[in-house]
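Peer 1: All chains, full assembly: derive it from the sequences and hints.
Those protein sequences? They're chains A and B, same order as listed. Under my numbering, think of the first position of the first sequence as 1, with each following residue one higher. Under my numbering, think of the first position of the second sequence as 1, with each following residue one higher.
Derived by calculation from the structure, the hints in this document are not laboratory data. Note that this is a predicted model, so its numbers are computed, not measured.
Cut-off 20 angstroms, straight-line C-alpha distance, at most; resulting in silico cross-link-like pairs (PhoX-like, lysine-lysine): (1) B/K44 - A/K106; (2) B/K44 - B/K62; (3) A/K56 - A/K70; (4) A/K98 - B/K44; (5) B/K27 - B/K71; (6) A/K69 - A/K56; (7) B/K71 - B/K51; (8) A/K26 - B/K44; (9) A/K70 - A/K26; (10) B/K62 - A/K98; (11) A/K98 - A/K70; (12) B/K51 - A/K98; (13) A/K26 - A/K69; (14) B/K27 - B/K51; (15) A/K26 - A/K98.
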Amino acid sequence: SQQGEEDPQALSIQEGENATMNCSYKTSINNLQWYRQNSGRGLVHLILIRSNEREKHSGRLRVTLDTSKKSSSLLITASRAADTASYFCATREDNFNKFYFGSGTKLNVKP
Amino acid sequence: NAGVMQNPRHLVRRRGQEARLRCSPMKGHSHVYWYRQLPEEGLKFMVYLQKENIIDESGMPKERFSAEFPKEGPSILRIQQVVRGDSAAYFCASSPFRGMGTDTQYFGPGTRLTVL
Chain A
1 SQQGEEDPQA LSIQEGENAT MNCSYKTSIN NLQWYRQNSG RGLVHLILIR
51 SNEREKHSGR LRVTLDTSKK SSSLLITASR AADTASYFCA TREDNFNKFY
101 FGSGTKLNVK P
Chain B
1 NAGVMQNPRH LVRRRGQEAR LRCSPMKGHS HVYWYRQLPE EGLKFMVYLQ
51 KENIIDESGM PKERFSAEFP KEGPSILRIQ QVVRGDSAAY FCASSPFRGM
101 GTDTQYFGPG TRLTVL
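Peer 2: Okay, structure coming up:
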């Protein structure tokens, strides 16, 4: 299956520290996206990186993509308590309609 | 511009009843996706629709589940004769069109279905 898998499953850090989450997938992709989900809420799109891009920044977020290793990482710098949420990567293959979501990394940022 | 709307937010049904979940995409969006999420798990793709067309329903169970996105009105996910295993959060997402780097999805708040 194409499904992305994040690791770690859970991550607990202190406010101000950096948080790194990883995502691995299995086949060729068109793009990879990261989403955040607060408890009991819908998903919020964070950042999209195309298959021909290697790195992308958005505010305190930095995403890398290594298509040779079929992996991506999401780095949140200078974390805040408000960053506490679950983070999911989602991939879509070329010419396919489905998006595949991983099982998520649950991030807890302690104040 | 209102976001993706889903209703109801919470739905309780007894085994054997029908559940109807509604999704109104963002204004100007003609692509709708439905996902199911079990507790502590990621989202599982169910179906992808455009106006009046089912494009990909490969993630949807063959029986009891159906989806539509009529020319007018919201997209509907219908579950007939619900069973306890259908209890989950169902999310709808919309996007304006599909293309390279342009298929960001905007999610609704979800409908939490509980089957007693």
